[in-house]
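**Student:** Sequence:
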Amino acid sequence: MAKSALLKSSIAKKYWMALTGLFLCLFLAGHLAGNLQLIFSDALHFNQYALFMTSNPAVKLLSYLTYISILFHAVDGFLLTYQNVKARPIGYAKTNPSANSSFSSRNMAVLGTLILVFIVTHMVNFWAKMHFDENMPLQTVTVEMMGQKQELYLTTNEGYMPVQQVAKSAEEAAKSGAQTYIANRTEFYNTQAKVKIGEGYKDLHKITVAFFKDAKFGLIATLLYVVAMVVLSFHLLHGFQSAFQSLGLNNPNWTPKIKFFGTAFAIVVPLLFAIIPVYIHFFLK
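No gaps in the numbering here: position 243 of the sequence shown is 243 in this note's numbering, and each next residue is one more.
A few of these clues could be false.
[To be verified] So the derived label-pair ranges between C-beta atoms look like this: (1) L224 with K285: 19 to 27 Å; (2) N135 with L44: 14 to 22 Å; (3) F126 with D42: 17 to 25 Å; (4) N125 with K285: 40 to 48 Å; (5) K257 with L223: 28 to 36 Å; (6) Y279 with T121: 30 to 38 Å; (7) V124 with G30: 19 to 27 Å; (8) S10 with G30: 27 to 35 Å; (9) L223 with N135: 25 to 33 Å; (10) N251 with V124: 41 to 49 Å; (11) E151 with I197: 32 to 40 Å.
[As the list claims (entries may be wrong)] Below, simulated EDC-like cross-link-like pairs (lysine to aspartate or glutamate); rule was C-alpha separation at most 16 Å, straight line: (12) K285 with D42; (13) K285 with D214; (14) K206 with D133.
Derived from the structure by calculation, the hints contain no laboratory data. Think of the CB as a built atom: it goes at the ideal place given N, C-alpha and C, for glycine as much as any other residue.
Throw the hints in and build the complete structure from the sequences for me.
**Tutor:** Here's what the structure looks like:
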């Protein structure tokens, strides 16, 4: 009975690993589509995308599901690895693992751990700043008016706010006499009426570009990002096809197609992700 329960538990873990893994592959594809705007679009469109991703209720729900999937996938992976090691504590006297399995399949736990470390650092550098940093800048544009350059905040209703006329807080507005101040990090309020008159864009584009173009650490950050994408590629090379096998979808007619698509996904998606910081660091003006 105990062995039967353990077997069921192991199978259940593999099902959850497969389901969360495939869901995270969908997330990767969607996240890549948004991030490619750093290359193929401008700052405003990227910041509009960032606002949509952090304010739309349906997207927020998917975000929470993504966070849960990452944690579940990581914990489940560690448990399965521990279970496999515990089941065979003593290795064979002579082994030739490379003859029977790929590098990716033999090192999924290590690859997964490295990816988890990357996700945590990535979220600290971007996600946390976007959500919690009080010094997160708002997007501005510089225009020439009457022969003079003026910096303006962009608003989500396609309006503009002169930066010099907007105080950073209600207290600062009271001292300086400014007619407008910023509240809740992004909202513009009229000082007299204390009503919201507009909202700015958090400038995630500026933060991202500055991170990869930093004079001291930009090159290192770019190289580490590329290395992380290589690790992700190896993880996906085995994980994508393995997920379908765990779900019992390894029909002989479909297996070659799944393997081809999985290999293509494991190469193309990380490659495109890696190109983004390289483009920013070396080519973006």
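**Student:** Indicate, hint by hint, whether the structure satisfies it.
**Tutor:** Tested hints:
no., hint, result
1, L224 with K285: 19 to 27 Å, "23 Å, holds"
2, N135 with L44: 14 to 22 Å, "21 Å, holds"
3, F126 with D42: 17 to 25 Å, "19 Å, holds"
4, N125 with K285: 40 to 48 Å, "22 Å, violated"
5, K257 with L223: 28 to 36 Å, "35 Å, holds"
6, Y279 with T121: 30 to 38 Å, "21 Å, violated"
7, V124 with G30: 19 to 27 Å, "21 Å, holds"
8, S10 with G30: 27 to 35 Å, "31 Å, holds"
9, L223 with N135: 25 to 33 Å, "27 Å, holds"
10, N251 with V124: 41 to 49 Å, "42 Å, holds"
11, E151 with I197: 32 to 40 Å, "19 Å, violated"
12, K285 with D42, "12 Å, holds"
13, K285 with D214, "13 Å, holds"
14, K206 with D133, "14 Å, holds"
Comparing the model with each numbered hint stated earlier shows that hints 4, 6, 11 do not hold.
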